[in-house]
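Next come the chains, spelled out residue by residue.
There are 2 protein chains.
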Amino acid sequence: MAAPAEFDLIARIRERLAGRDDVVLGIGDDAALLAPPAGRQLVVAMDTLNADVHFPEGTAPADIGWKALAVNLSDLAAMGAEPAWCTLSLSLPNADAGFVDAFLDGFLALATTHGVALVGGDTTRGPLSICVTAHGFVLPGQALRRDGACVGDDLWVSGTLGDAAAALAQWSAGGDMDASLRARLDRPTPRVGLGAALCGIATACIDVSDGLLADLAHVCRASGVGAELDVDALPASPAFIANVAADARRALQAGCGDDYELCFSAPASRRAAVEAAAAGHVQVTRIGRIVAGGGVAARDERGEPWEPPATGYQHFG
Amino acid sequence: MAAPAEFDLIARIRERLAGRDDVVLGIGDDAALLAPPAGRQLVVAMDTLNADVHFPEGTAPADIGWKALAVNLSDLAAMGAEPAWCTLSLSLPNADAGFVDAFLDGFLALATTHGVALVGGDTTRGPLSICVTAHGFVLPGQALRRDGACVGDDLWVSGTLGDAAAALAQWSAGGDMDASLRARLDRPTPRVGLGAALCGIATACIDVSDGLLADLAHVCRASGVGAELDVDALPASPAFIANVAADARRALQAGCGDDYELCFSAPASRRAAVEAAAAGHVQVTRIGRIVAGGGVAARDERGEPWEPPATGYQHFG
Numbered sequence: 001m002a003a004p005a006e007f008d009l010i011a012r013i014r015e016r017l018a019g020r021d022d023v024v025l026g027i028g029d030d031a032a033l034l035a036p037p038a039g040r041q042l043v044v045a046m047d048t049l050n051a052d053v054h055f056p057e058g059t060a061p062a063d064i065g066w067k068a069l070a071v072n073l074s075d076l077a078a079m080g081a082e083p084a085w086c087t088l089s090l091s092l093p094n095a096d097a098g099f100v101d102a103f104l105d106g107f108l109a110l111a112t113t114h115g116v117a118l119v120g121g122d123t124t125r126g127p128l129s130i131c132v133t134a135h136g137f138v139l140p141g142q143a144l145r146r147d148g149a150c151v152g153d154d155l156w157v158s159g160t161l162g163d164a165a166a167a168l169a170q171w172s173a174g175g176d177m178d179a180s181l182r183a184r185l186d187r188p189t190p191r192v193g194l195g196a197a198l199c200g201i202a203t204a205c206i207d208v209s210d211g212l213l214a215d216l217a218h219v220c221r222a223s224g225v226g227a228e229l230d231v232d233a234l235p236a237s238p239a240f241i242a243n244v245a246a247d248a249r250r251a252l253q254a255g256c257g258d259d260y261e262l263c264f265s266a267p268a269s270r271r272a273a274v275e276a277a278a279a280g281h282v283q284v285t286r287i288g289r290i291v292a293g294g295g296v297a298a299r300d301e302r303g304e305p306w307e308p309p310a311t312g313y314q315h316f317g
Numbered sequence: 001m002a003a004p005a006e007f008d009l010i011a012r013i014r015e016r017l018a019g020r021d022d023v024v025l026g027i028g029d030d031a032a033l034l035a036p037p038a039g040r041q042l043v044v045a046m047d048t049l050n051a052d053v054h055f056p057e058g059t060a061p062a063d064i065g066w067k068a069l070a071v072n073l074s075d076l077a078a079m080g081a082e083p084a085w086c087t088l089s090l091s092l093p094n095a096d097a098g099f100v101d102a103f104l105d106g107f108l109a110l111a112t113t114h115g116v117a118l119v120g121g122d123t124t125r126g127p128l129s130i131c132v133t134a135h136g137f138v139l140p141g142q143a144l145r146r147d148g149a150c151v152g153d154d155l156w157v158s159g160t161l162g163d164a165a166a167a168l169a170q171w172s173a174g175g176d177m178d179a180s181l182r183a184r185l186d187r188p189t190p191r192v193g194l195g196a197a198l199c200g201i202a203t204a205c206i207d208v209s210d211g212l213l214a215d216l217a218h219v220c221r222a223s224g225v226g227a228e229l230d231v232d233a234l235p236a237s238p239a240f241i242a243n244v245a246a247d248a249r250r251a252l253q254a255g256c257g258d259d260y261e262l263c264f265s266a267p268a269s270r271r272a273a274v275e276a277a278a279a280g281h282v283q284v285t286r287i288g289r290i291v292a293g294g295g296v297a298a299r300d301e302r303g304e305p306w307e308p309p310a311t312g313y314q315h316f317g
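As they're listed, the protein sequences go chains A and B. Heads up: the first sequence begins at 1 in our numbering, then just goes up one per residue. Heads up: the second sequence begins at 1 in our numbering, then just goes up one per residue.
Don't take each hint at face value.
[What the hints assert, rightly or not] Short derived list, chain A residues pointing at chain B, Cβ under 10 Å:
(1) D29
(2) A38
(3) R146
Bear in mind the hints are in silico, worked out from the structure with no lab data behind them. These numbers come from a predicted model, not from an experiment. The beta carbon of each residue, even a glycine, is placed where N, CA and C say it ideally should be.
Build the full structure now, drawing on both the sequences and the hints.
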């Protein structure tokens, strides 16, 4: 019997994989068999990327592979978890080995960086769609959650905001994307090291995927608090400043998604600890504070209220 | 800020969920936080259903929900695992609350039967597609795998074969599907209890999803053995016999998929143990034997070689 194309693709994936000691049985059976470490909790994230929804037409297959894993590792980072294993479901219009090879170039490059083993999943026919489930570990009681922010806490964000949104805006306007901005859109950096280092310091954490205002609103709702955001304090990259007019910056930085930075709260008394935790990983910037009440109030550098033109990415229009 | 439609859908899902003591944090954060039991291995399966590929147009949303979980629980069953948690990624063309409610009716009915908690995932815009990751537990060294079949073992299958394929054949021919056959196509029964009971008895196991011949070939390859299949010994349901002409039965039973029965090998000395393990779960039938060599040789009741017209479902045409 000739092996159907699906099994050829799976064999193609399987032969490129690195193992881990805690993977008892990886790709090739009905399910993966894994040995979780004793005394840890398991952290599980699952995110899907659909063509034309989560990445623009014409995105390089290697970048799609990178991003599909990155958005899931970003969720683990937001919990302070150490990544370990992932599964991948790849729906393709046809059994395109060239696409799969290039996709794996990006996917496995990021997996290798974080010591993540691809242990299972499936390949199937359908419109281009990639679903990943990522697994990691935390010590019991140490996970960063959305519901721990306290009145008086500082509000922080990692890296810079708005780069991916600026690239998408250039693309939507029919122009070329700036290479540096586009790299942030196509190959976001999950802040895994920072997230783990913040365990025991940050009181709440979320990754900025739907847009800072929308994601911060989730933290406020879960924690039963409000937030004041200093919108002119948001960190911006040189490429962002060079490519975006001054009057368009706030909306892209506060209102749009795809940054995959960590937004977190920490007691004002722990500023030195936050800086020390971030050192060697990524710059962190104070961007506001947690207050009593509810909702997010953004203010400009003059202290005037600022309202965004849109509130984050909406998956359903 | 108005909550985008995605968050409404997630809230809709969340309010219907039952918990488990080992779910520290379910839907509503960046990732789920779970407490695996000490001394068990983790079993992880991931399968996707795409519209028009894995279910016919017009399939009821509740049946799609059932099947999306069932095919994953079937993979856990084939490993002998006890199901515990699942995550769900639901891609929908639009935020259709009616679809989601009905989908959950089927999905949660099966989850409740097996004590499975839905702990996370995402909802997003895209062509209708459902990806599920299912998690379960086994005792170390007890998992049923594909690679343990030994020369001289009996070959068994659970339940009956061909019902789902017969329903699909009726549908493809433009006719009405027999209700009983269609129920097997739309609401397959994952053989979770049987799988767990076979730990320590079966030497290899797989679930019949792509078709018996194709799936049995996986076992033979993984185990380094061959198999002789008595094609006229394959168990058939009354509905199958009533609806399928005698000369079409073998191909549907041996060559087509979507049965989600367990095919397993066990030493001939353990026949009574196999029957005892199956009692109270589902009927099991001896359908052949494991032999030296490789590949699957099917024979009819006269002992003549039988060749199928097709070899299982191919995900890529």
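How the hints compare with the structure:
1. A least Cβ separation of about 5 Å between D29(A) and chain B falls short of the 10 Å threshold, and the interface hint therefore holds.
2. Annotation: interface hint on A38(A) holds; nearest CB of chain B at approximately 6 Å, less than 10 Å.
3. With its C-beta approaching chain B no nearer than about 5 Å, R146(A) sits inside the 10 Å limit, and its interface hint holds.
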